[in-house]
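With the hints as extra help, turn the sequences into a complete structure.
Protein chains in written order, with this note's numbering: chain A, 1 to 331; chain B, 1 to 331.
If a hint is listed, it holds; no wrong ones were tucked in.
All copies of an identical chain are treated as equivalent in the list; a pair is satisfied when it fits inside any one copy or across any two copies.
Below, simulated DSS-like cross-link-like pairs (lysine-lysine); rule was C-alpha separation at most 27 Å, straight line:
1. 143 / 266
2. 143 / 166
3. 143 / 57
4. 266 / 57
These are calculated hints, taken from the structure and not from any lab test.
2 protein chains.
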Amino acid sequence: MKAREIHLASRPAGWPVPENFRLVEVPVPPLEPGQVLVRNQVLSVDPYMRGRMDDVKSYMPPFQIDAPLEGAAIGEVIASESPDRAVGDVVVHNLGWRDLTVLPAARTRVLDTTAVPATAYLGPLGGPGLTAYVGLVEIAPMKPGETVFVSGAAGAVGSLAGQIAKLRGAARVVGSAGSAAKVEYVRGLGFDAAFDYHDGPVRARLREAAPEGIDVYFDNVGGEHLEAAISALHVHGRVALCGAIAHYNATEPIPAPRNLSLAIGKQLTLRGFIVTSYGHLAPAFYAEMTRWLREGRIRYDETIVDGLENTPDAFLGLLRGTNLGKMLVRV
Amino acid sequence: MKAREIHLASRPAGWPVPENFRLVEVPVPPLEPGQVLVRNQVLSVDPYMRGRMDDVKSYMPPFQIDAPLEGAAIGEVIASESPDRAVGDVVVHNLGWRDLTVLPAARTRVLDTTAVPATAYLGPLGGPGLTAYVGLVEIAPMKPGETVFVSGAAGAVGSLAGQIAKLRGAARVVGSAGSAAKVEYVRGLGFDAAFDYHDGPVRARLREAAPEGIDVYFDNVGGEHLEAAISALHVHGRVALCGAIAHYNATEPIPAPRNLSLAIGKQLTLRGFIVTSYGHLAPAFYAEMTRWLREGRIRYDETIVDGLENTPDAFLGLLRGTNLGKMLVRV
Numbered sequence: 001m002k003a004r005e006i007h008l009a010s011r012p013a014g015w016p017v018p019e020n021f022r023l024v025e026v027p028v029p030p031l032e033p034g035q036v037l038v039r040n041q042v043l044s045v046d047p048y049m050r051g052r053m054d055d056v057k058s059y060m061p062p063f064q065i066d067a068p069l070e071g072a073a074i075g076e077v078i079a080s081e082s083p084d085r086a087v088g089d090v091v092v093h094n095l096g097w098r099d100l101t102v103l104p105a106a107r108t109r110v111l112d113t114t115a116v117p118a119t120a121y122l123g124p125l126g127g128p129g130l131t132a133y134v135g136l137v138e139i140a141p142m143k144p145g146e147t148v149f150v151s152g153a154a155g156a157v158g159s160l161a162g163q164i165a166k167l168r169g170a171a172r173v174v175g176s177a178g179s180a181a182k183v184e185y186v187r188g189l190g191f192d193a194a195f196d197y198h199d200g201p202v203r204a205r206l207r208e209a210a211p212e213g214i215d216v217y218f219d220n221v222g223g224e225h226l227e228a229a230i231s232a233l234h235v236h237g238r239v240a241l242c243g244a245i246a247h248y249n250a251t252e253p254i255p256a257p258r259n260l261s262l263a264i265g266k267q268l269t270l271r272g273f274i275v276t277s278y279g280h281l282a283p284a285f286y287a288e289m290t291r292w293l294r295e296g297r298i299r300y301d302e303t304i305v306d307g308l309e310n311t312p313d314a315f316l317g318l319l320r321g322t323n324l325g326k327m328l329v330r331v
Numbered sequence: 001m002k003a004r005e006i007h008l009a010s011r012p013a014g015w016p017v018p019e020n021f022r023l024v025e026v027p028v029p030p031l032e033p034g035q036v037l038v039r040n041q042v043l044s045v046d047p048y049m050r051g052r053m054d055d056v057k058s059y060m061p062p063f064q065i066d067a068p069l070e071g072a073a074i075g076e077v078i079a080s081e082s083p084d085r086a087v088g089d090v091v092v093h094n095l096g097w098r099d100l101t102v103l104p105a106a107r108t109r110v111l112d113t114t115a116v117p118a119t120a121y122l123g124p125l126g127g128p129g130l131t132a133y134v135g136l137v138e139i140a141p142m143k144p145g146e147t148v149f150v151s152g153a154a155g156a157v158g159s160l161a162g163q164i165a166k167l168r169g170a171a172r173v174v175g176s177a178g179s180a181a182k183v184e185y186v187r188g189l190g191f192d193a194a195f196d197y198h199d200g201p202v203r204a205r206l207r208e209a210a211p212e213g214i215d216v217y218f219d220n221v222g223g224e225h226l227e228a229a230i231s232a233l234h235v236h237g238r239v240a241l242c243g244a245i246a247h248y249n250a251t252e253p254i255p256a257p258r259n260l261s262l263a264i265g266k267q268l269t270l271r272g273f274i275v276t277s278y279g280h281l282a283p284a285f286y287a288e289m290t291r292w293l294r295e296g297r298i299r300y301d302e303t304i305v306d307g308l309e310n311t312p313d314a315f316l317g318l319l320r321g322t323n324l325g326k327m328l329v330r331v
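Written out as structure tokens, the structure is:
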């Protein structure tokens with residue numbers, strides 16, 4: 001039995017290219033006690049993976065050259081040497097970017113797909129949902145009646161952050177996205193205003209969309225977006241530094257924000273976070289998000305690419321912004 | 001009776017020049033009920049005043065053209081129409097930049113100079129001391145055993161911040177300053193290491209002074225200092241954004257920090273603050289600082305310029321960094 005895996009062939013310099021990836025066939029090892037064999041059905045590609053492709057010390061170890069990439073995935077247990085997992089169980093785990101994988105049962109979580117489809121666990125009930133929730137509840141705590149700005153608002157995290165802000169009582173939620181179609185999509189999610197950041201300086205577009213200023217900024221982009229938000233923030237404003245997709249493929253440091261000294265007089269708080277540090281908030285999050293999903297109050301969309309061999313393309317498309325909502329690969 | 005006041009003659013563009021200031025004689029108005037007449041003895045000049053010279057909305061209203069500047073001052077009550085203040089009381093108030101001033105008694109505070117000299121209320125027991133304390137206790141809370149970096153370490157706030165950090169159990173305190181003499185002064189205050197930021201890139205100097213990295217950065221400078229600190233900060237590091245003297249006279253935005261996206265993976269918190277928002281911490285601060293002063297555990301120095309007419313020079317010198325410790329004017 002052979003597994004097909006996507007390996008990192010070389011480290012990207014700037015924007016990744018298809019040649020940085022390689023499809024490899026490897027034998028599936030026999031199961032040891034406690035292990036399961038999972039046939040992956042859906043793989044997640046996420047912006048944070050770009051950081052792991054660089055050989056730098058960070059909160060997660062870098063991907064290794066000539067080794068498979070990793071990431072969230074959903075699959076079906078097709079063989080089990082663990083009393084805790086049965087053949088047929090649908091599980092989520094972190095060994096994506098391949099079609100078959102052997103791993104300890106303890107590193108899988110069995111999904112309850114009676115109320116929601118399995119892929120919800122890669123979106124609103126998964127990392128993106130918890131990230132959006134933690135950012136608004138813990139990192140840049142939003143109070144009812146406030147104005148919230150979300151960048152990358154058509155993406156997996158941003159689209160959920162904006163909806164969670166509305167559900168938790170934001171007076172006004174503004175989103176930015178990278179095309180007219182995305183802007184329309186974002187408005188359809190219930191954002192009060194949205195703009196295409198290609199339509200002129202972000203600062204001017206944000207001022208139009210939030211003429212009274214903002215209280216909270218959920219940052220997925222960095223760079224010019226962050227600079228614009230700092231200008232628009234009220235006194236005691238808060239920023240959740242969640243992602244910086246404008247920086248990930250830059251080969252030179254981006255000279256922004258150039259107005260951070262405004263944070264003194266405005267008494268701003270800017271806080272970076274990694275969702276895995278906030279597992280203690282997951283129970284409250286799951287309870288609230290499950291209720292919202294059951295009540296139909298959260299919309300989530302998926303952009304699905306077919307075929308394991310197209311996972312690198314899906315990832316490259318994600319970095320270029322070809323997705324609406326969560327970018328997934330159907331194996 | 002005439003008062004001499006320093007007025008703002010014009011708004012500085014970039015670095016202030018003597019022509020931005022004007023010495024004016026004005027009649028002293030008769031006292032109304034509840035008012036006192038104070039003869040100022042010592043005036044404080046502080047970096048934050050530069051911001052009030054620009055016509056921009058901020059946490060304090062801008063100084064007005066052809067009106068006297070303001071700032072902390074110590075003086076003696078020489079006439080009183082208030083039952084709460086007696087002639088001879090030594091008071092601190094906020095109508096500096098002049099020799100005589102009439103103001104409501106309620107806007108003065110009588111000083112207890114039995115244990116400390118009056119000027120301590122413009123330094124360790126005044127705004128600079130409370131600023132240093134709030135930054136380390138509330139804004140970028142320092143834990144015993146941590147490493148703290150303070151910029152502007154020879155200045156009024158920085159010299160106190162470093163000493164407070166040591167007194168509260170920091171394992172290592174590093175300071176930066178703008179000359180060899182200041183570096184020597186900072187070492188004499190008990191900082192474990194200090195460097196002159198003119199001696200090459202701040203990032204490299206900081207790495208030498210704190211090879212294991214830092215946990216807390218108390219920022220008085222902004223710009224390259226802040227960028228270097230972000231690089232050196234450990235995971236869960238904290239930054240108190242207190243001042244940005246590198247930016248105050250810049251006519252173009254300073255393109256730094258260019259590495260703020262590191263704050264995501266490092267889960268940093270950067271927080272701007274204005275000391276006047278933290279009056280509720282003043283009682284705890286006064287108790288602790290008074291004890292430290294009484295025990296001789298806090299050193300503070302003053303650079304004194306003589307003559308009201310030289311107040312603009314004192315302020316310009318402060319911006320250029322000619323002071324060690326607190327810059328004061330003896331009227």
